[in-house]
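Visitor: First to last, the sequence lines map onto chains A and B.
Residue numbers for the first sequence, in the numbering used here: 171 to 279.
Residue numbers for the second sequence, in the numbering used here: 549 to 663.
Since the hints were derived computationally from the structure, they do not count as laboratory data.
Be aware that one or more of the hints could be misleading.
[To be verified] Within a straight-line C-alpha distance of at most 25 angstroms, the following computed SDA-like cross-link-like pairs (lysine to any residue) qualify:
(1) A:K212 <-> B:T586
(2) B:K559 <-> B:E650
(3) A:K212 <-> A:K241
(4) B:K605 <-> A:Y202
(5) A:K226 <-> B:T651
(6) B:K605 <-> B:E631
(7) A:K212 <-> B:E650
(8) A:K212 <-> A:V183
Note that the structure is a prediction, hence the values are computed from the model and not measured.
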Amino acid sequence: GESVGLHLPTLSVQEGDNSIINCAYSNSASDYFIWYKQESGKGPQFIIDIRSNMDKRQGQRVTVLLNKTVKHLSLQIAATQPGDSAVYFCAEAAQKLVFGQGTRLTINP
Amino acid sequence: DTGVSQNPRHKITKRGQNVTFRCDPISEHNRLYWYRQTLGQGPEFLTYFQNEAQLEKSRLLSDRFSAERPKGSFSTLEIQRTEQGDSAMYLCASSPRTSGRETQYFGPGTRLLVL
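The whole structure should be built from the sequences, with the hints applied where relevant.
Guide: Spelled out as structure tokens, the structure:
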């Protein structure tokens with residue numbers, strides 16, 4: 171069945187450092203992935219997406235990498251800021267979204 | 549604000565009572581989705597609509613749950629005879645196309661507490 175998992179439930183980084191959040195998926199037929207950010211008490215907020223015909227996609231301060239060979243994707247956040255503190259989810263997107271459990275990113279001053 | 553809206557934002561009810569939540573999607577979005585999220589977990593799919601047609605329901609959606617989208621615009625999710633295990637955040641999302649592989653935009657959620 172479908173399965174999306176994140177490698178670490180929590181990640182703590184220093185302000186200004188880069189953050190890397192990892193995600194693994196099991197369905198080799200998956201062809202579209204989305205990263206969401208969820209702050210406390212709010213709904214998930216779209217960050218960036220990537221389709222399987224790409225290995226890398228960049229946004230503002232964020233980069234998503236997709237390795238289809240090992241069924242792994244990562245979210246890189248450059249120059250992490252206090253406002254980046256949240257739970258980050260990767261989701262496999264087909265007719266519905268299948269989410270992993272999320273990684274809580276904490277920023278140390 | 550033209551994002552997805554949900555009402556109420558919070559609901560406290562006693563076990564056995566019925567509750568109804570409303571979702572207003574982004575204007576002209578064809579697809580509307582309901583998810584449930586419990587503490588420390590990612591959202592789990594419940595059901596989705598394309599226009600007014602309910603196309604898929606998760607096994608999580610027991611007989612006590614019913615969702616409607618009568619005119620293909622807003623949607624309601626009703627839970628009858630609530631149980632303490634129904635306590636969760638109920639999230640609504642919408643997407644603009646019919647391919648299924650499009651970004652879904654989420655509302656702020658309705659947090660339900662069943663006492």
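Visitor: Taking 25 angstroms as the top limit, are the C-alpha atoms of K212 of chain A and E650 of chain B close enough?
Guide: Holds, at roughly 21 angstroms.
Visitor: Given the hint that K559 of chain B pairs with E650 of chain B, does the C-alpha gap stay at or below 25 angstroms?
Guide: violated, 30 angstroms
Visitor: Has the given pair, K605 of chain B with E631 of chain B, been kept, meaning a C-alpha gap of at most 25 angstroms?
Guide: Judged against 25 angstroms, a Cα distance of about 20 angstroms means the pair holds.
Visitor: Is the hinted pair K212 of chain A and T586 of chain B satisfied, with a Cα-Cα distance of at most 25 angstroms?
Guide: The given pair, whose Cα atoms are some 13 angstroms apart, holds under the 25 angstroms limit.
Visitor: Within 25 angstroms, alpha carbon to alpha carbon, are K212 of chain A and K241 of chain A?
Guide: Violated: K212 of chain A and K241 of chain A sit about 29 angstroms apart, past 25 angstroms.
Visitor: Are the Cα positions of K212 of chain A and V183 of chain A separated by 25 angstroms at most?
Guide: holds, 23 angstroms
Visitor: Sort out whether T651 of chain B lies within 25 angstroms of K226 of chain A, counting only the CA atoms.
Guide: Cα-Cα ~17 angstroms, so holds.
Visitor: Between K605 of chain B and Y202 of chain A, does the CA-CA distance stay at or below 25 angstroms?
Guide: holds, 21 angstroms
The structure shown violates the earlier hints numbered 2, 3.
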